[in-house]
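Required output: the full structure, derived from the provided sequences and hints.
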Amino acid sequence: MIETSRLFLRPFLEEDEFDFIPALMDRDFMAFSPSGALNLQQAKVRFQELVDGHRRNGFGKIAIIVKEIQQIIGYCGIEPCEIDGIPELELGYRLLKSFRGLGYATEAAKALLSFESQRDRNNIIAFTEPTNLLSINVLHKLGFQQYGVSVFHDMPVILFKKT
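Residue 52 in the UniProt record's numbering sits at position 52 of the sequence shown; the count goes up by one each step and never skips.
Treat each hint with caution, since some may be false.
[As the list claims (entries may be wrong)] Heads up, simulated DSBU-like pairs for lysine-lysine below, C-alpha to C-alpha not over 35 Å straight-line: (1) Lys162 with Lys97; (2) Lys97 with Lys67; (3) Lys97 with Lys141; (4) Lys161 with Lys97; (5) Lys44 with Lys97; (6) Lys162 with Lys110; (7) Lys44 with Lys162; (8) Lys67 with Lys141; (9) Lys162 with Lys67; (10) Lys161 with Lys44.
[As the list claims (entries may be wrong)] Here are the in silico distance ranges between beta carbons for each label pair: (11) Ile83 with Glu49: 33 to 43 Å; (12) Ile86 with Asp154: 12 to 22 Å; (13) Glu49 with Glu3: 37 to 47 Å.
Please keep in mind that the hints were generated in silico from the structure rather than gathered at the bench.
Please read these numbers as outputs of a predicted model, since none were measured by experiment.
Using N, Cα and C, we set each Cβ at its ideal position, and we do this for glycine too.
So, in structure tokens, the structure goes:
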């Protein structure tokens, strides 16, 4: 588990499914996702991917929990992906709409990147749609700089890497 002043970050547990599935089905939560909001079956599959990916790889997208209210408000983590035929580790984060703009994404991602750097996972990229200004702002706060553009699952994206 990773801890910050306001947050706990930990792998998703099977028992989180009931609370987290609605987020994966929420249009606002899944904004800027190639798939958009998921239906119930897709959400169950994606949730299981989150659980299994961390078990299999020892890293992945993990739950962001606000200490004060003990609520999962989203996820943050790294996952393997392929951009332009190149295997990469991608930083991603997603928050419930009511928790955006409060610094949680930056706080969670900063703590996660510090944790991953201790495990020699330093060559991490990120990408976002050009219109996702909140995410671009978070990436800049984390020290990421734009290095290119690409298409990910038919979605135009700006590519970032940590400098």
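So, going through the hints one by one against the coordinates:
1. A hinted pair counts as satisfied when its Cα atoms are at most 35 Å apart, and lysine 162 with lysine 97 qualifies at roughly 26 Å.
2. With a C-alpha separation of about 18 Å, the suggested pairing of lysine 97 with lysine 67 holds against the 35 Å cut-off.
3. Distance restraint check for lysine 97 and lysine 141: the Cα-Cα separation of roughly 20 Å lies within the 35 Å cut-off, and the hinted pair is therefore satisfied.
4. Restraint check for lysine 161 and lysine 97: satisfied, since their Cα atoms lie roughly 25 Å apart, inside the 35 Å limit.
5. For the hint pairing lysine 44 with lysine 97, the CA-to-CA distance comes to about 21 Å; that is within 35 Å, so the pair holds.
6. For the hint linking lysine 162 to lysine 110, the alpha-carbon distance of about 12 Å falls within 35 Å, and the restraint holds.
7. Proximity of lysine 44 to lysine 162 is assessed by CA-CA distance (about 32 Å); at most 35 Å being required, the pair is judged to hold.
8. About 23 Å separates the Cα atoms of lysine 67 and lysine 141, which keeps this hinted pair within 35 Å; it holds.
9. At roughly 28 Å between alpha-carbon atoms, lysine 162 and lysine 67 fall within 35 Å of each other, so this suggested pair holds.
10. Straight-line distance between C-alpha atoms of lysine 161 and lysine 44 comes to about 31 Å, which keeps the hinted pair within the 35 Å bound.
11. For the hinted restraint 33 to 43 Å between isoleucine 83 and glutamate 49, the CB-CB distance of approximately 19 Å leaves it violated.
12. Take isoleucine 86 and aspartate 154: their Cβ atoms lie about 18 Å apart, and the range 12 to 22 Å holds.
13. Take glutamate 49 and glutamate 3: their Cβ atoms lie about 25 Å apart, and the range 37 to 47 Å is violated.
In this structure, the earlier hints numbered 11 and 13 are contradicted, and the remaining ones agree with it.
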